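Novice: Using the sequences and the hints given, assemble the complete structure.
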Amino acid sequence: MVSQAQDALRRSMIGHGSWMILSALVGGLGLWCYILGGFEIIPGYILKFDLPGSEAGWVRCHTGPVANGFMVIVTALGMPHLDLPDSTAEWLGWIVRMDGWSNVGFYFFGNISPNRGLAFGTSRLGPSDLFSVLALGPAYFFGVLAMGAFGMIGYYALFSPHSKETTDAKGKTH
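Per numbering that gives the first Met the number 0, the sequence shown runs over residues 0 to 173.
Note that these hints are calculated values from the structure, not bench results. Remember, predicted model here, so these are calculated numbers, not experimental data. For each residue, glycine too, the CB sits at the ideal point set by N, CA and C. Mixed in with the good hints, there may be bad ones.
[Said to hold, decoys possible] Restraint-style ranges between C-beta atoms, simulated for each label pair:
#1 E54 / Y139: 23 to 29 Å
#2 W18 / G142: 15 to 21 Å
#3 L46 / Q3: 45 to 51 Å
#4 I45 / M146: 40 to 46 Å
#5 A66 / T87: 21 to 27 Å
#6 K47 / R10: 39 to 45 Å
#7 V1 / P113: 42 to 48 Å
#8 I40 / V73: 37 to 43 Å
#9 D6 / A66: 22 to 28 Å
#10 P126 / I13: 38 to 44 Å
Specialist: Here is the structure:
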């Protein structure tokens with residue numbers, strides 16, 4: 000049985016993961032408009048405009064957020080099976096959600112950054128700017144936290160006292 004707190008956490012994470020996947024669709028629209036040089040209103044009539052970034056960057060905006068959305072959704076579906084205390088589950092879920100969103104930001108801000116958002120300062124990829132910091136800062140911070148969070152989730156799954164228990168068809172725990 001899952002607590003009300005963890006049920007609410009699961010629903011929140013599934014919602015956020017879904018919105019991350021939605022952001023990938025927005026990235027696909029950006030890719031289409033970038034390649035086309037605008038937006039086709041009706042067949043043959045294109046409202047012309049230029050988008051910043053690169054075609055490869057828009058491809059990343061279209062594909063990368065899907066992986067982050069799935070990361071958040073799969074974590075949401077798995078955590079209730081780990082017998083985590085509610086406060087621990089909430090903390091880990093928050094870190095995973097924030098890592099997902101920070102990576103979505105990384106793809107979009109990195110696309111318009113002169114160094115693809117891979118460095119805070121000038122590097123062989125080019126100079127940095129505000130978009131470099133917006134791309135890398137949160138992704139760097141929450142990426143480190145997410146490594147710890149997934150280490151803890153893995154530990155709970157493999158080594159917690161309940162990880163060795165099995166439940167038979169009648170619901171009896173052994």
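Novice: So which of those numbered hints doesn't the model satisfy?
Specialist: Structure breaks no hint.
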